[in-house]
Amino acid sequence: METDRPLDALNNSRNKRVLVELKGGKQYVGKLKAFDIHVNIVLDDAEERVDGETKRKLGNVFIRGDTIIIISPE
Amino acid sequence: METDRPLDALNNSRNKRVLVELKGGKQYVGKLKAFDIHVNIVLDDAEERVDGETKRKLGNVFIRGDTIIIISPE
Amino acid sequence: METDRPLDALNNSRNKRVLVELKGGKQYVGKLKAFDIHVNIVLDDAEERVDGETKRKLGNVFIRGDTIIIISPE
Amino acid sequence: METDRPLDALNNSRNKRVLVELKGGKQYVGKLKAFDIHVNIVLDDAEERVDGETKRKLGNVFIRGDTIIIISPE
Amino acid sequence: METDRPLDALNNSRNKRVLVELKGGKQYVGKLKAFDIHVNIVLDDAEERVDGETKRKLGNVFIRGDTIIIISPE
Amino acid sequence: METDRPLDALNNSRNKRVLVELKGGKQYVGKLKAFDIHVNIVLDDAEERVDGETKRKLGNVFIRGDTIIIISPE
Amino acid sequence: METDRPLDALNNSRNKRVLVELKGGKQYVGKLKAFDIHVNIVLDDAEERVDGETKRKLGNVFIRGDTIIIISPE
Numbered sequence: 001m002e003t004d005r006p007l008d009a010l011n012n013s014r015n016k017r018v019l020v021e022l023k024g025g026k027q028y029v030g031k032l033k034a035f036d037i038h039v040n041i042v043l044d045d046a047e048e049r050v051d052g053e054t055k056r057k058l059g060n061v062f063i064r065g066d067t068i069i070i071i072s073p074e
Numbered sequence: 101m102e103t104d105r106p107l108d109a110l111n112n113s114r115n116k117r118v119l120v121e122l123k124g125g126k127q128y129v130g131k132l133k134a135f136d137i138h139v140n141i142v143l144d145d146a147e148e149r150v151d152g153e154t155k156r157k158l159g160n161v162f163i164r165g166d167t168i169i170i171i172s173p174e
Numbered sequence: 201m202e203t204d205r206p207l208d209a210l211n212n213s214r215n216k217r218v219l220v221e222l223k224g225g226k227q228y229v230g231k232l233k234a235f236d237i238h239v240n241i242v243l244d245d246a247e248e249r250v251d252g253e254t255k256r257k258l259g260n261v262f263i264r265g266d267t268i269i270i271i272s273p274e
Numbered sequence: 301m302e303t304d305r306p307l308d309a310l311n312n313s314r315n316k317r318v319l320v321e322l323k324g325g326k327q328y329v330g331k332l333k334a335f336d337i338h339v340n341i342v343l344d345d346a347e348e349r350v351d352g353e354t355k356r357k358l359g360n361v362f363i364r365g366d367t368i369i370i371i372s373p374e
Numbered sequence: 401m402e403t404d405r406p407l408d409a410l411n412n413s414r415n416k417r418v419l420v421e422l423k424g425g426k427q428y429v430g431k432l433k434a435f436d437i438h439v440n441i442v443l444d445d446a447e448e449r450v451d452g453e454t455k456r457k458l459g460n461v462f463i464r465g466d467t468i469i470i471i472s473p474e
Numbered sequence: 501m502e503t504d505r506p507l508d509a510l511n512n513s514r515n516k517r518v519l520v521e522l523k524g525g526k527q528y529v530g531k532l533k534a535f536d537i538h539v540n541i542v543l544d545d546a547e548e549r550v551d552g553e554t555k556r557k558l559g560n561v562f563i564r565g566d567t568i569i570i571i572s573p574e
Numbered sequence: 601m602e603t604d605r606p607l608d609a610l611n612n613s614r615n616k617r618v619l620v621e622l623k624g625g626k627q628y629v630g631k632l633k634a635f636d637i638h639v640n641i642v643l644d645d646a647e648e649r650v651d652g653e654t655k656r657k658l659g660n661v662f663i664r665g666d667t668i669i670i671i672s673p674e
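Residue numbers (this note's numbering), protein chains in the order written: chain A, 1 to 74; chain B, 101 to 174; chain C, 201 to 274; chain D, 301 to 374; chain E, 401 to 474; chain F, 501 to 574; chain G, 601 to 674.
Hints are computed from structural coordinates only; laboratory data are not their basis. Every residue gets a Cβ at the ideal spot worked out from N, C-alpha and C, and that includes glycine. Some hints could be false.
What the hints assert, rightly or not - Here are the simulated SDA-like cross-link-like pairs (lysine to any residue), alpha carbons at most 20 Å apart as the crow flies:
1) A:Lys23 <-> E:Gly425
2) A:Lys26 <-> E:Gly424
3) C:Lys223 <-> F:Lys526
4) F:Lys531 <-> F:Glu553
5) C:Lys257 <-> C:Gly225
6) G:Lys623 <-> E:Gly424
7) F:Lys526 <-> D:Asn312
8) C:Lys223 <-> B:Leu122
9) C:Lys231 <-> D:Gly365
As the list claims (entries may be wrong) - Covered, in the sense of this in silico footprint (three residues per stretch, anywhere, with C-beta under 8 Å from a C-beta of chain C), are these stretches of chain B:
10) 122-128
11) 135-141
12) 150-164
Looking at chain A on its own, in the form it has when it is part of the complex (with noise of 0.2 Å):
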């Protein structure tokens, strides 16, 4: 698969779950469903984690791209 731009490699993840870190330290991790051009990115089934403990659930997320440091499959 081609995977010579980052988006490419990421769109690999679609529908596979992901770890998705932000820059004030949250973790969230979920089923990639959609994803942009500015890294804005929806997650299904998404849970929020603190030291690797599940803090909340919270089904469907929005993630605003400039807040994310990085995204890697679960």
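Based on these hints, arrange chains B, C, D, E, F and G on the given structure of chain A.
Chains B, C, D, E, F and G in isolation, oriented as in the chain A frame:
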């Protein structure tokens, strides 16, 4: 419904109550009335929450997109 | 009135008194006279508030959009 | 005079003394000589103020727009 | 090889292991698989390091460009 | 001379000594040799100052615009 | 040589050793190999310095422009 792009997914929450968290830690809950590509949004019947408790009621509120971390259906 | 887009909703507050909160914690209340797509705004009969009390009166004030968190009808 | 757009309103202050407050807390007062769409501005006969007292006189000063919070007629 | 432009130089590191340092102090080491003009990058076989020691293994990771300070061949 | 736009006014300082203050508190004084629309500037015979005293001499220095607060003729 | 624009002036330092200071306080010294309009740069034979002393040698390093404060010939 099409949700390949994050703003399409956000559109599914239109006229429903959402939770909006800002970079400075503030939380707003209200009915999502409008949004644009900058993720500027307008909530109706909005209230500001601190630690899960209502701090004040705001009615209609415009929230500038670049302060937003996440938006999630309540 | 059309309020599908956040700036349309903001237009409904033109010539009405609004509360504007800034990233640094400052609050301004005044009559909304003008705004643009960057959410730069101009208030008339404006005052700066701290903890709900008037700190000083400013008359006319231009507020740069990127410092704004929320705008809400008073 | 037309003031529907914030920069038009700013134009009404041209050649008049204005107060400019910056994100870092600094205040400048001077005659507004020039501004552009980024809200970069030039003041003449400018002085820097701290807690309402003149800290130093600067004569002509260019202020970069992205550091500005508010501009208000003195 | 042409390296007049920084992204050309970065291209020379494609498929080689690089060290990436972020604004918040985090370090990632991995094989550079993809990057774009925003300096968004994708690493493979990646690990997060703290003080030169491996903190955790991430496999594939997408790093948002605006958090990056430097990228250097390991 | 035309100074309706801030960059025109800045042009009047070309080849003259200016004081440049940065967001982090640093001050540079030198002869203004070049600038562009991002307010990136180049100073010649430049020195870095702390509390009004010369900390070190830099000769020629390129200063990135987004770190600049003010530029004023010395 | 033409140095009316800051990037032209920067071009005069190509293949010469320069000092680069970043917002977070880090300093890099190396041979300037490449730069672009975002002031992303590539140094060769680079080293990181703290308080004027070499902390580590990096060889080739890509530095993202928005972290840079100044660039000066060593």
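Structure-based check of each hint:
no. : hint                  : in the structure
1   : A:Lys23 <-> E:Gly425  : holds, 11 Å
2   : A:Lys26 <-> E:Gly424  : holds, 13 Å
3   : C:Lys223 <-> F:Lys526 : violated, 24 Å
4   : F:Lys531 <-> F:Glu553 : holds, 17 Å
5   : C:Lys257 <-> C:Gly225 : holds, 17 Å
6   : G:Lys623 <-> E:Gly424 : holds, 12 Å
7   : F:Lys526 <-> D:Asn312 : violated, 34 Å
8   : C:Lys223 <-> B:Leu122 : holds, 10 Å
9   : C:Lys231 <-> D:Gly365 : violated, 24 Å
10  : 122-128               : holds (count 4)
11  : 135-141               : holds (count 4)
12  : 150-164               : holds (count 7)
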